[in-house]
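Below are the chains, spelled out letter by letter.
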Amino acid sequence: MRRAGPLKLCLIGGIVMIIQFFIPHRFSKNFFDEVVHWLIVCGVPALVIGYYSIFHVHWTKIRRKREGWGYSIIIFVAVIVVALIGFIWGVGENSVFMKIYQYMTMTMQATMFSLLGFYMASAAFRSFKARTPEATLLLIVALVVMFGRVPIGESVFIKLKLPNLVEWILMYPNMAAQRGIGLGVGLGIMATSLKIMLGIERGWLGGAGK
Amino acid sequence: MYIKFKEVQHIKIIYLFFFAFPLFAQESDTLPLTQKFAPPLDVRAFDTPNDAGKSITVQWNLSPDNSLFSGYEIYRSEAQDTGYQYVGYMGRGISTIRDNRGVKDNTPYYYKVRGRTSTYEYSEFSPPSSSTSSSPQWYHKGKTNVLIGLPLFIFLIFWAVFQAKMGKPLFIRKIDGLDSLEEAVGRATEMGKPVLYVPGTSFISDIATIASMNILSQVAKKTAEYNTPIIVPNRDPIVMSVAQEVVREAAIEKGRPDYYNPDRVFFLTSSQFAYAAGVCGIMTREKPATNLFIGMFWAESLLLAETGNITGAIQIAGTDAVTQLPFFVTACDYTIMGEELYAASAYLSKNPSLVGGIKGQDYNKLVIFIFLALGTIFGLLGNNFIINLFK
Amino acid sequence: MNLLNKFMNMDRRWIYLITAICVIIPFLIPIGLPTYTTPPARNIYEKIDNTSDGQVVLLSFDYDAAVLPELYPMTITILNHCFNRNIKVILMSLYMQGIGIAQVALEDVKREFPEKKEGIDYTLLPYVPGGALVILGIGEDIHKTFPTDYYGTLIDSLPMMREIRNFDQISLAISFSGGGVSRTWVTYANQRYGANVAAGVTAVMAAENYPYLQTKQLIGMLGGLKGAAEYENLVEKNLKLKTRKAACIGMDAQSAVHIMMIVFIVLANIAYFAGRRRKK
Amino acid sequence: MSHDPWVWVAAFLTLCIFSFLYKDNPFYRFAEHLLIGATLGYALPLVWKNIVTPKIIVPLQHHEYWLLIPLCLGLLYIARLIPKYAWLSRWPMAFALGTGSGIAIPLSLQAGIFKQMQGTMLTKAMLSPSITPTVHIIGNIVMFVGVITTLIYFYFSIKHTGTVGKVARIGVWYIMLAFGATFGYTVMARVSLLIGRFQFLLHDWLGVIK
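Chains as they are written, first to last, in our numbering: chain G, 596 to 805; chain F, 5 to 395; chain H, 213 to 492; chain L, 834 to 1043.
For reference, chain G alone in the conformation it holds in the complex:
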């Protein structure tokens, strides 16, 4: 029962959704919307275990005064303060909550994102070496595309009568590989989904057997 029940639900849910795919009737559309609604509602309580998990990790750290426990306090303070501000003064435009979002959360996230500018330079410098023919190809194409994307490179390409070389690379050979990978992934997704429905793949239940 502990495994068989959920496995049955999984199979039935899957079959119903496959059938739904072929029916354009309003009844079927409403059903689909309802399922999506249910999935959203279903996911809300899961947040409780998420928050419980991170609070537990950091509470243990504080209690045992493990290395860096002071930082764990910051997490608690931040969660409580930000959430309270949101609940008490609202989340509308120009609220303090939105200010915090704009000047703290967004700012830090954007900065994390922008680190990629540095990381791309260092990763390329370190690993773009012509060690093998394949690596050489990757290297050359990356250089050509990078060069073709800036004005200087562009004007050189025009003089070489190859104005659209970069576009061509992106449109054909690049697209071909993406499609080839995509077809494989599509098959992989279908097969894995099927195995989940049928209970052949039951890693999500935790381990196999029993």
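Hint data in this document are derived by calculation from the structure and do not stem from the laboratory.
Keep in mind that a hint or two might mislead.
Partner residues aside, some chain L positions facing chain H, computed with beta carbon under 10 Å [unchecked claim]: (1) L848; (2) F851; (3) K917; (4) I970; (5) I971; (6) Y1018; (7) T1019; (8) V1024; (9) S1025; (10) G1029; (11) I1042.
For lysine-lysine, the following DSBU-like pairs were computed, each having C-alpha atoms within a straight-line distance of at most 35 Å [said to hold, decoys possible]: (12) F:K354 to L:K999; (13) F:K58 to L:K888; (14) F:K258 to F:K395; (15) H:K449 to F:K395; (16) G:K724 to H:K491; (17) H:K218 to G:K724; (18) G:K724 to H:K492; (19) F:K58 to L:K957; (20) L:K917 to G:K656; (21) F:K354 to L:K1043; (22) F:K58 to G:K624; (23) G:K624 to F:K108; (24) F:K258 to L:K882; (25) H:K259 to G:K694; (26) L:K948 to F:K147; (27) G:K656 to F:K258; (28) G:K603 to L:K948; (29) L:K992 to F:K354; (30) F:K354 to L:K957; (31) G:K694 to H:K428; (32) L:K999 to F:K178; (33) F:K169 to L:K957; (34) L:K917 to F:K147; (35) G:K624 to L:K948; (36) F:K169 to L:K948; (37) L:K1043 to H:K454; (38) F:K108 to L:K957; (39) L:K888 to F:K145; (40) L:K882 to G:K694.
We put the beta carbon where it would ideally sit given N, CA and C, even for glycine.
Got chain G sorted already, so can you dock chains F, H and L onto it with the hints?
Just chains F, H and L, lined up with the frame of chain G:
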């Protein structure tokens, strides 16, 4: 204002120039203004196919004066002669509209269309269409190809699984990224440092996440066996609970129930870059000897992989996100690419029915090759019927 | 040889530092590298330039703060161009955050055109949810879709809006977006109502819009900072305007970083091969 | 220089994150924990406003009591916190996975496989010089070869030796080319983010540039 007025005048002069002759030819100078333009003709209305109902598609033949109009106004009525109401407008040169503005199912409607210029001059109405009513459909005819393809796909998978279960030996080619998993875990054990496992940054409904959970199951068995700590930070609470279950079961299977520690398989935050910041912090402080990034990733991929590279960990990445693979390839030691991710659980577990599934995927690839070849051969001969099957 | 070796094993923090310098220097000392003007950018420029006085251009700010650095400069320079040519402008957004950006952009540009008046020379429309439905609404009747402007004034009472009913009176609609919103504009405004549509998109999205340029469903396109820089140069060259060319500065930084990366990769490979030959 | 205290906060946090490039330090650690805490706190009022209220509370007020089913199903996630009843959390998971798989299977076949196949097959028009420019004719052939060879690389049940090995190797070349192109293509977007951050620091905060 003056300019606007002048322009209007200008346009009127053009109209007069074009239409003066037919007007005189008809020997009548009392015709209403609207007859300056020929109306659109042959209005056809039919129930929109393959839909949820409450929609009628209307088509017409463009007026000979199409170029003078800025567009067409469409009117609808429940009676043929009277009561027409405006339901929509389409730009010049377009001859079809899908009317779903308050259409009731199983009610007969008539449609009329007229042209409109930019200065709000109109042509006559077209003759009304014949009566049409809308209804919802129970089967989407455009999806017949999927209806045929799906059983074929499933059959081939089953066939291969069946063969595997009957004991037919099946070969799977070497997948470097997966072979190196054991070595990577072993290295962490030797160094006495933890293994970091990032199960992607998507939800459980993403099949790549499930594939990641299957790999986690194999990895956790190894770490449990060697008693090497495994750290699994999560971006989604549901993925976290699955990951916890997977690690716990792996520990039990290896006879080490104490190995599982819920504080090591935890939720971090659901925000993408905050999560990346947290994992980068873990990498620099806990200094795991092995980093595994397996599942679905977005732009954070290089943030994680490059930080891990700085800390000197051995790194294996696996994802089906084509846009992120290049970054993993540049910053990781091994990369499990695309479909290899889905082959992983069969490859690692050697479970015959799972391996059979892989064989089934290959049978399906064979079918794809055959159709690609046939479609191209016929296509080059000028016959696109096979290509159109896949619309 | 030792030098090459040292170069190859350089601490990555030096690379970070050089990258940062490449980005910062163009800000302080604008270099003004030449840009080649692509036809899609020139098309937008010419369309706006050939729009007669008092006609209307619609700018839709369909993006949020995440792509601001890439898209803001092009919105500013187009707005500048319109005001300079005495063209009336409708500003709107299909995104809630976009309205705020439009407002900031207006304030920025109005510093140079203090005489431009709300309701006469430009109108800022409020955010109305619905996405594609909003575009359809404009195609039918803009007055019904937006009963008031952003400040709550009735649209019917705004002098410039009186004669504008739908896309027929709008000579060009430009959508600035980081995602696929420009496609929505093509599908609804152009295909359905025959409106002239152009797009300003991020560099990554540009390639996806080429098919629409080919079929002329998009009159023109600006791709990322580069597109904006091209436009800035067109404005400067033809109108002799002296304004801060944010995109050109950004483009200088882009070029600098790209060239730096290329040079470093090439040098690293030379060092790598030199090292390998020595081993042999 | 800015007089807005919020701008100063944002500038400080930006620098905190950037300091990670040098090495891990208390400033980064502070920002990291603040960011995690703030995003966790930020999510709560928003989930309440955008999900709990419209998707659960309002429908329940309108007597749509069947929503209690997914809600209860979702609450089973919390059973995880009690080891004895942890298995109950498999039920909502089965619901999410089953329906998810059922939606994924036909969609992947339609969009991931059929659409890609249709785009790959060549037609007479694609190769006739009178209709298609030569570059695109070459491109179309390159594309066709690329898709097939890439997919052969992902053929798992044959040894990649001999002819198959050679063809699969061509596939690898395509993949490497695509990786190089994607890498080179993305540099610009990432550097744009970096420019955005520096613009904020130099313009909005310090005001050294106009």
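Okay, the hints, checked on the actual structure:
no. : hint              : in the structure
1   : L848              : violated, 12 Å
2   : F851              : holds, 9 Å
3   : K917              : violated, 45 Å
4   : I970              : violated, 16 Å
5   : I971              : violated, 18 Å
6   : Y1018             : holds, 7 Å
7   : T1019             : holds, 7 Å
8   : V1024             : holds, 5 Å
9   : S1025             : holds, 5 Å
10  : G1029             : holds, 3 Å
11  : I1042             : holds, 5 Å
12  : F:K354 to L:K999  : holds, 27 Å
13  : F:K58 to L:K888   : holds, 26 Å
14  : F:K258 to F:K395  : violated, 50 Å
15  : H:K449 to F:K395  : violated, 48 Å
16  : G:K724 to H:K491  : holds, 17 Å
17  : H:K218 to G:K724  : holds, 16 Å
18  : G:K724 to H:K492  : holds, 18 Å
19  : F:K58 to L:K957   : violated, 40 Å
20  : L:K917 to G:K656  : holds, 26 Å
21  : F:K354 to L:K1043 : violated, 64 Å
22  : F:K58 to G:K624   : holds, 13 Å
23  : G:K624 to F:K108  : holds, 17 Å
24  : F:K258 to L:K882  : violated, 45 Å
25  : H:K259 to G:K694  : violated, 39 Å
26  : L:K948 to F:K147  : holds, 12 Å
27  : G:K656 to F:K258  : holds, 28 Å
28  : G:K603 to L:K948  : holds, 32 Å
29  : L:K992 to F:K354  : holds, 17 Å
30  : F:K354 to L:K957  : violated, 46 Å
31  : G:K694 to H:K428  : violated, 42 Å
32  : L:K999 to F:K178  : holds, 16 Å
33  : F:K169 to L:K957  : violated, 45 Å
34  : L:K917 to F:K147  : violated, 46 Å
35  : G:K624 to L:K948  : holds, 23 Å
36  : F:K169 to L:K948  : holds, 33 Å
37  : L:K1043 to H:K454 : holds, 14 Å
38  : F:K108 to L:K957  : violated, 45 Å
39  : L:K888 to F:K145  : holds, 33 Å
40  : L:K882 to G:K694  : holds, 18 Å
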